[in-house]
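Just so you know, full-length UniProt numbering puts the end of the sequence shown at 118, numbered straight through with nothing missing.
Treat each hint with caution, since some may be false.
[What the hints assert, rightly or not] Ranges of calculated distance between the beta carbons of each label pair, as one might list FRET restraints: (1) Lys47 - Lys91: 13 to 23 angstroms; (2) Pro32 - Asp97: 15 to 25 angstroms; (3) Gly75 - Tyr40: 34 to 44 angstroms; (4) Asn73 - Tyr40: 30 to 40 angstroms; (5) Asn73 - Glu50: 29 to 39 angstroms; (6) Gln35 - Arg76: 25 to 35 angstroms.
[To be verified] Taking lysine-lysine pairs in the BS3-like style, the calculated list, with each CA pair at most 27 angstroms apart, reads: (7) Lys53 - Lys100; (8) Lys31 - Lys91; (9) Lys53 - Lys69; (10) Lys31 - Lys100; (11) Lys47 - Lys100; (12) Lys31 - Lys70; (13) Lys91 - Lys53; (14) Lys70 - Lys53; (15) Lys99 - Lys53; (16) Lys47 - Lys99; (17) Lys31 - Lys47; (18) Lys91 - Lys70; (19) Lys69 - Lys91.
Simulated from the structure, these hints should not be mistaken for laboratory data. Glycine is no exception: its CB is placed at the ideal position from the N, C-alpha and C atoms.
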Amino acid sequence: MITTLLAGLGLFVEPFLLLVGYVSNSSSFPKPLSQEEEDYYLMLYEKGDEEAKNVLIERNLRLVAHIVKKYNNTGREIDDLISIGTIGLIKAITTFDRKKGTRLATYAARCIDNADLV
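Based on the provided sequences and hints, a complete structural model is requested.
Shown next as structure tokens:
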């Protein structure tokens, strides 16, 4: 029972530990996607490819870290801000409409800012 609980907790905590590692060492961020790559992964995600969604999230984590830095002096823990910002990024990816002609990063920045970071 305890082993199962610890394993489940590990699956939940691991992505956040990776994200904290990204923020603490900004040189370890993956490069942002080019416009062509972004369009390709968005098209795959629209067809139901969850791995494409993961790529979009991973390659836009630098944006989350950049926006979260603006709210670092609000008294909230950086881990909380990163988690909330990442939720904003995920919402942006799931609601993004590439037919509107906006880049994902532009739309995601607004969604991350509109997340409850303050």
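Between the beta carbons of Gln35 and Arg76, is the distance compatible with 25 to 35 angstroms? holds (34 angstroms)
If you draw a straight line from the CA of Lys91 to the CA of Lys53, is it 27 angstroms or shorter? Holds: Lys91 and Lys53 sit about 11 angstroms apart, inside 27 angstroms.
Is 29 to 39 angstroms a correct range for the gap between the Cβ atoms of Asn73 and Glu50? Given range 29 to 39 angstroms: holds, Cβ gap about 36 angstroms.
Pair hint Lys47 and Lys100, alpha-carbon separation not exceeding 27 angstroms: holds (18 angstroms)
Range hint compliance [Cβ, Asn73 to Tyr40, 30 to 40 angstroms]: Since Asn73 and Tyr40 have Cβ atoms about 38 angstroms apart, the given range 30 to 40 angstroms holds.
Pairwise hint evaluation, Lys70 against Lys31, where the allowed Cα distance is 27 angstroms at most: The hint holds at about 21 angstroms.
Under the criterion that the straight-line Cα-Cα distance not exceed 27 angstroms, is the pair Lys31, Lys91 satisfied? Status holds; Cα separation ~21 angstroms.
For Lys47 and Lys99, compute the direct alpha-carbon distance and say whether it is at most 27 angstroms. holds (15 angstroms)
Between Lys99 and Lys53, is the straight-line Cα distance small enough, at 27 angstroms or below? holds (17 angstroms)
Under the criterion that the straight-line Cα-Cα distance not exceed 27 angstroms, is the pair Lys69, Lys91 satisfied? holds (20 angstroms)
Assess, step by step, whether the Cα of Lys70 is no farther than 27 angstroms from the Cα of Lys53, and give holds or violated. holds (26 angstroms)
Straight-line alpha-carbon gap Lys31 to Lys100, limit 27 angstroms: holds (24 angstroms)
Of the hints listed earlier, there is not a single one the structure fails to meet.
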